[in-house]
Amino acid sequence: MASSVKNHELREPPASTSLPAPKRATTVFVPLVTPFLYGMERAVIELFDALRPDVEPYFLQSNRIFERRPPIIEEMIRRGFSMELLPDRTDWERLARPRSLKHLVQMVTASVRSNIATLKGVRGKDVLYVPGISAGSSSLLAAIYCRLTGRRVIHHFHDLGTSNRLFPLWVPLVTDFVHNTDFGYKAIAKKLPAIRSRRNFIVPYIMEVDERLPDNPDVCRELLEWRNVFYVGQISPHKGVDLLVKAFVAVASKHADVKLHLVGEGKPEFRAELEPQIRAAGLESRVKFWGFREDATRLLRFAYIYVHSSPPSRFHESFGRSVVEAMAHGVPTVCFRSGALQEIVLHEETGSICDEGVQWFNPNGDEC
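The sequence shown begins at 22 in the working numbering and counts up one residue at a time.
What the hints contain is simulated information worked out from the structure, not anything from laboratory work. Quick reminder that beta carbons are idealized off the backbone N, C-alpha and C, glycines included. Just to be clear, a hint being listed does not mean it is correct.
To be verified - Distance condition first, Cα-Cα at most 20 Å in a straight line; then the derived EDC-like pairs of lysine to aspartate or glutamate: (1) LYS267 - GLU229; (2) LYS275 - GLU246; (3) LYS309 - ASP278.
Said to hold, decoys possible - The calculated label-pair distances, taken between Cβ atoms and stated as ranges, are: (4) GLY171 - GLU243: 53 to 59 Å; (5) PHE310 - THR47: 22 to 28 Å; (6) ASP316 - SER184: 33 to 39 Å; (7) LYS288 - LEU187: 22 to 28 Å; (8) GLY145 - TYR325: 50 to 56 Å; (9) GLY145 - SER121: 19 to 25 Å; (10) THR170 - ARG100: 24 to 30 Å; (11) ARG45 - LEU245: 48 to 54 Å; (12) ASP239 - SER121: 47 to 53 Å; (13) GLU294 - ARG186: 29 to 35 Å; (14) CYS241 - LYS211: 41 to 47 Å; (15) LEU72 - ARG186: 39 to 45 Å.
Just need the whole structure built from these sequences, with the hints factored in.
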């Protein structure tokens, strides 16, 4: 039997035999109009980078954002993604509560123009991928077009918010929903039961953990001098950074070798609220605002502990990307019972989960 198989493998194919044509890549249109490069944006970029060459994404971005070249644009260019740009020569108004009739007209005009741009972009593509309900508001016409022409519309829940009034209109236009965790799917389905009638998939984030040290040796030397408490993400109230600073003040008064590192960007006015608390405690040299860092995962190598401070009363995490990145470096996490963090973090095994309203740190200032 083995001999006959071998002879069969060596036999020359007939002259008329032709190789099958290579499979065409599935084309996906992705409205990702944002200047930021945090968990959601990185997740979308890394997802579609991993799906190539079987899937070819085409991103929609803002012309105004593209001109400013923030890190997200540089990252998309570095990875060789195709981008189409909105015709926004000035900053367009985002949907919000109108301040005046003029403001209302400006918002409606921007929404219509965004919808038309997304509709034009999705034509000729196989799939529309929408990374959140905000992008859904500018993708209504595109979603209707896709449904009428038999194309798939994928909505990815990168957060667990369901209060947006657009959801009842949006859900029937979607063919597939993607969730980051089983907890996330159950939480969304409880509040939006209509999604159960669609296809639902649980796809954890793809993690690209950089094992290298920071390029700057001075950074390494500085971090080696301390027990480092890290937070990576938006410096904003909904992420509970104010609670983290307050807790750190209590810890720092009892431990002289502890330093807090806040890695990420935020509104200047929020940082201006935090800095007086830090100065009043005399901790200017022990709280460092790093701003946005492309090498954030490299910094986590030096973390003694990672704190993800989003309280459930303000925000429900759909995954907790930086938590997993810290885990990849063997760093334990302290967090609230916020959304899917209670699925990601194993209490007293990979970290500590705190209930909101309970003190984060015991009187000795050591633990959750």
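Taking the hints in turn, this is what the structure says about them:
| no. | hint | in the structure |
| --- | --- | --- |
| 1 | LYS267 - GLU229 | violated, 32 Å |
| 2 | LYS275 - GLU246 | holds, 17 Å |
| 3 | LYS309 - ASP278 | holds, 14 Å |
| 4 | GLY171 - GLU243: 53 to 59 Å | holds, 57 Å |
| 5 | PHE310 - THR47: 22 to 28 Å | violated, 42 Å |
| 6 | ASP316 - SER184: 33 to 39 Å | holds, 35 Å |
| 7 | LYS288 - LEU187: 22 to 28 Å | holds, 25 Å |
| 8 | GLY145 - TYR325: 50 to 56 Å | holds, 52 Å |
| 9 | GLY145 - SER121: 19 to 25 Å | violated, 39 Å |
| 10 | THR170 - ARG100: 24 to 30 Å | holds, 29 Å |
| 11 | ARG45 - LEU245: 48 to 54 Å | holds, 52 Å |
| 12 | ASP239 - SER121: 47 to 53 Å | holds, 51 Å |
| 13 | GLU294 - ARG186: 29 to 35 Å | holds, 30 Å |
| 14 | CYS241 - LYS211: 41 to 47 Å | holds, 46 Å |
| 15 | LEU72 - ARG186: 39 to 45 Å | violated, 32 Å |
The structure shown violates the earlier hints numbered 1, 5, 9 and 15.
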